[in-house]
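These are the residues of each chain, in order.
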Amino acid sequence: MTTESASRSPYPVLTGASREAVAAHLVEVVALRHPEGLTPDQLEQVAEAVEAQLRATERLHQFRLSNADEPGFTMPGDLGGAR
Amino acid sequence: MSDDELAFSSVRTLGRLMRKGETSPTELTGFFLERVRRIGEPLNAISAVTEDIARREARLAEAELSSGLDRGPLHGIPYGLKDIVSAVGARTTWGAFAEQQFAQEATVVRRLRDAGAVLVAKLATIELAGGMGYDHPDAAITGAPHNPWDSTRWTSGSSSGPAAAVAAGIVPFALGSDTAGSILLPAACTGTAGLRATYGRVSRFGAMTLCWTLDRLGPLCRCADDCGLVLEAITGADPHDPSSLAVPYQYSGRTARSHGFRVGVIEGACDGAQPAVAQNFATSVDALRELGTVEAVELPDLPYAEVADVIIAAEAYAAFDDFIAAGRTRELTAAKAHGHRLAGAVLPAHDYIRAQRVRRVITARFEELASRFDALVAPSLGRVASPVDEQFEYMLPAAFGRPLNYAGVLAGSPTVSVLNGLDGDGLPTGIQLAGGRLQENAILDTARALEESLGTSRLRPDGPRGTAGPRPAGEPQQGATAGGRA
Chain R
177 MTTESASRSP YPVLTGASRE AVAAHLVEVV ALRHPEGLTP DQLEQVAEAV EAQLRATERL
237 HQFRLSNADE PGFTMPGDLG GAR
Chain G
171 MSDDELAFSS VRTLGRLMRK GETSPTELTG FFLERVRRIG EPLNAISAVT EDIARREARL
231 AEAELSSGLD RGPLHGIPYG LKDIVSAVGA RTTWGAFAEQ QFAQEATVVR RLRDAGAVLV
291 AKLATIELAG GMGYDHPDAA ITGAPHNPWD STRWTSGSSS GPAAAVAAGI VPFALGSDTA
351 GSILLPAACT GTAGLRATYG RVSRFGAMTL CWTLDRLGPL CRCADDCGLV LEAITGADPH
411 DPSSLAVPYQ YSGRTARSHG FRVGVIEGAC DGAQPAVAQN FATSVDALRE LGTVEAVELP
471 DLPYAEVADV IIAAEAYAAF DDFIAAGRTR ELTAAKAHGH RLAGAVLPAH DYIRAQRVRR
531 VITARFEELA SRFDALVAPS LGRVASPVDE QFEYMLPAAF GRPLNYAGVL AGSPTVSVLN
591 GLDGDGLPTG IQLAGGRLQE NAILDTARAL EESLGTSRLR PDGPRGTAGP RPAGEPQQGA
651 TAGGRA
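Line by line, the protein sequences give chains R and G. Counting in our numbering, the first sequence runs from 177 upward without gaps. Counting in our numbering, the second sequence runs from 171 upward without gaps.
These are calculated hints, taken from the structure and not from any lab test. This structure is a prediction, so every number in the text was calculated from the model and none was measured. It is possible that some hints are incorrect.
If you want a taste of the chain G side facing chain R, the calculated C-beta under 10 Å gives, among others [unchecked claim]: (1) 507; (2) 512; (3) 517.
By construction, the Cβ of each residue, glycine as well, lies at the ideal position given by its N, Cα and C atoms.
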């Protein structure tokens, strides 16, 4: 495949103990948001999903973007008669 | 014409038979309703049989045709609806809620009724269209869907019921949905034609939302030509769906191209694919070479999977936020669904927006590539249908056709998957043809020509009488059936 991403993104990369702490705290936050309690299986699934999310977002952080790069959705310019 | 031939006839053929007086809407409806119960239910392809609706619509279609009112190619043709699309008078379970019903019908249902089509069944779906996560085929209140080519295999998902129903000749066509492959992958596993049209072509109103910016409704049919006919009936702007396009779409009434196609073959698309998939793909490329020009192309190295995963994580959580926050994912059949999506609660908003920004880059680069060709091709899936009683996620690394699938998902561009042969066990393989935005006719014409060249329209699953055995990989079987095991 052709390598598309050009120069390295300035987005800082979390590694080691910091990254592990972030992952652990994110799982803890999810658990706290479920006062009914999560089963061990659910906690394991959450931990896997958090790890997958971290990996995916880290890859996207490394994809260089400029301030001018717009998202795939925007507010419609025509609001139907709004002034 | 035998019952078998009738069951596996295309929409176009059935329409011709009706207009010649060799069958009628009520006859066809009764015929397919019987197959829905006898064949569809044991396959776990059926969520509900809509007999009352079907007989009423069939009588109306028959009266209209008799009086000279002809609504077009779908008039009097029975169809099935993935059970995430609402129809008045029938439950819409989303594969999870047995008694759920809606008072308002989906726009696509209204359009199909306006076209004279006849709703015979709500078809099985993976629960919540697979959106909460699943890794086993039995993730639905209807049970694991069996593949008509071999009932020990499954159909893939989430449009499992539509794919099984069309493959088994239970309905001439069906409507499914696709967020990240849920039309294309079941089409590939069941040897049907599945079309994911340009995002916005088909109104999503009345269908369960999984991801607002990715979801698409589309046809599963016996062939690419039928996909065009169905799409024509269901497209159009809809004030109820702000993402719907006002761009008109015409399929019938034009001369389809039969040669001179410019095809781009994605390099590396067969890496890791099962040998039969690779062999059938190579045979397809040879056929395409006879139909025009073929060029190897590289898909840009972009983070397709990561963008899709982040968008789905955020939007799927948002679409079901109160359900998830209330701890109700434990009600779902799939064990993986109990915890998988909960992590969406801690996905930062700026990361979702970043994913959408990278998506725009992907869209532009994909369109730039796709605009040079009538179709970009790759295997639809790197493997044939997996066993129905096994966890399937670990099989996915073999599916190296996914980069093109994800590119099309994110770019919102059209892709069709069609049958391109069988493996040594008689299981179907699929080829996907992806095009530039709004270029459905280019990919459908290319697919039609390929189907004709390969002779795949004559392949079908075994009937109860038994047939000739399977052919070696890469050799389309000529004749009535394909020798799949019951």
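Evaluated hints:
| no. | hint | in the structure |
| --- | --- | --- |
| 1 | 507 | holds (9 Å) |
| 2 | 512 | holds (5 Å) |
| 3 | 517 | holds (6 Å) |
Hint violations for this structure: none, all hints satisfied.
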